[in-house]
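S.K.: When you get a sec, could you build the whole thing from the sequences and use the hints?
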Amino acid sequence: MIRMLTACTQEVDFPDEALDEILAQLDIENALLKHSAGILHCGYAFVESGFVPLLCERLPFEIVGFTTIACATGEDFGSDMLSLSVLTSDDVLFSVAHSASFDLRDIAGPLGAAYRRAEAALPARPALVLAQFPLDLSIGVSQMLNAIIAVADGVPVFGSLPCDATPDYHNSVVICNGEVFPHAAALLLLCGNVRPRFFVENVCHSEDMQEQYGIITESDDCVLKRINDMPFLDYIEEIGISREVLQEVKAFPVPFKVNYNEGTKSLIRVLYSVTSEGHAVFASEMPAGGSIAMQRFNYDSVMETVENMLDLLRSLRDVSGVFLYSCVGRNFQLGGKAEDEMLRIRARLNGKMPYHLCYAGGEVCPLKDETGVFVNHSHSYSLVACVL
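Everything in the sequence shown is counted per my numbering, starting at 1 for the first residue and increasing by one.
Calculated directly from the structure, the hints in this document are not laboratory data.
The C-beta atom is built at its ideal place from N, Cα and C for all residues, glycine as well.
Heads up, a few of these hints could be off.
[Claimed, not checked] Beta-carbon label-pair distances, calculated as ranges:
#1 220 to 27: 43 to 53 Å
#2 353 to 112: 42 to 52 Å
#3 193 to 113: 43 to 53 Å
[Claimed, not checked] Capping the alpha-carbon separation at 30 Å, the derived lysine-lysine pairs in BS3-like fashion look like this:
#4 337 to 352
#5 352 to 34
#6 368 to 352
M.R.: In structure tokens:
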């Protein structure tokens with residue numbers, strides 16, 4: 001059994017006061033069980049001020065996490081906040097490892113080594129991986145996830161990527177035991193009496209921004225090279241989008257709907273960047289033969305998925321806590337009501353169950369296949385939940 005303790009602070013300028021605030025909320029002298037680990041999310045100001053290493057040094061357990069534009073837990077939420085959730089248990093063990101820095105040339109090596117190092121510290125096969133992947137706009141989320149899948153032997157992987165308020169996300173970093181890593185991942189493995197449940201809410205209602213879908217005719221994993229036998233940028237110009245716009249903007253804010261033609265419903269995907277060769281780097285695989293079209297969705301589309309998720313979570317029993325990751329692209333669609341998703345989650349979950357919400361640069365959450373077995377997947381523009 002796991003207990004989930006939560007704490008938060010918005011005190012950026014006075015680290016000692018922020019530390020006292022976190023410690024008072026956690027009451028670790030009385031609340032911790034035999035084994036513990038923490039997950040932390042915060043605005044970059046908490047990293048820049050030196051508070052993150054100060055906090056990690058004072059707490060008697062390992063901590064992973066990353067930067068975000070906003071987070072929420074319990075009664076508080078905000079863009080200038082640090083939130084910390086502590087998982088503590090007598091019969092669940094935790095193991096943490098961070099990878100070496102990696103890039104597109106070698107993803108599998110560093111991530112595989114980190115997983116094996118964390119797994120070696122446990123007495124049995126892990127039941128869950130909580131992954132904090134780096135945000136590198138030249139690497140698709142699924143490419144990093146596949147590197148873990150290759151060594152994790154079917155263990156479910158839940159997690160996300162950092163984000164921040166800069167146009168090119170250069171302050172997006174992963175956190176592991178007080179250190180920060182712009183190009184490395186941090187993994188928290190859980191072993192023992194833990195039976196996670198996973199839920200995904202994708203934006204249901206979007207509108208096509210073009211009359212006809214294009215057909216992906218050449219791709220390489222997450223890299224889309226040709227649509228309708230045309231170079232990607234030529235195709236984009238043909239449907240009325242300036243190639244200069246795509247080449248200059250990081251994480252293009254317009255979503256793409258992709259039908260993989262495998263009998264499953266279409267999925268919304270995010271365009272991370274365009275390479276010097278004019279190829280499009282997406283967060284997830286873009287297989288040849290799939291159809292693709294630019295989309296638009298709005299405030300109501302986002303809030304509908306929030307209500308669907310909250311209805312589901314409130315129907316559950318035996319909940320120790322829940323982690324929620326919402327795509328930063330969803331937050332952009334809320335416009336002048338950017339806090340409404342956090343407000344709604346607080347209104348319906350606070351007092352019902354411990355929860356930890358964070359905006360993220362991409363989502364990783366398993367989905368059940370036809371036989372009921374969880375299969376690891378990456379997502380875009382989604383709200384995902386891991387229930388413990």
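S.K.: Take the hints in turn and mark each one as holding or not.
M.R.: Hint-by-hint comparison with the structure:
1. 220 to 27: 43 to 53 Å: holds, 51 Å
2. 353 to 112: 42 to 52 Å: violated, 34 Å
3. 193 to 113: 43 to 53 Å: violated, 28 Å
4. 337 to 352: holds, 25 Å
5. 352 to 34: holds, 25 Å
6. 368 to 352: Status holds; Cα separation ~26 Å.
Of the numbered hints stated above, those contradicted by the structure are hints 2, 3, listed in ascending order.
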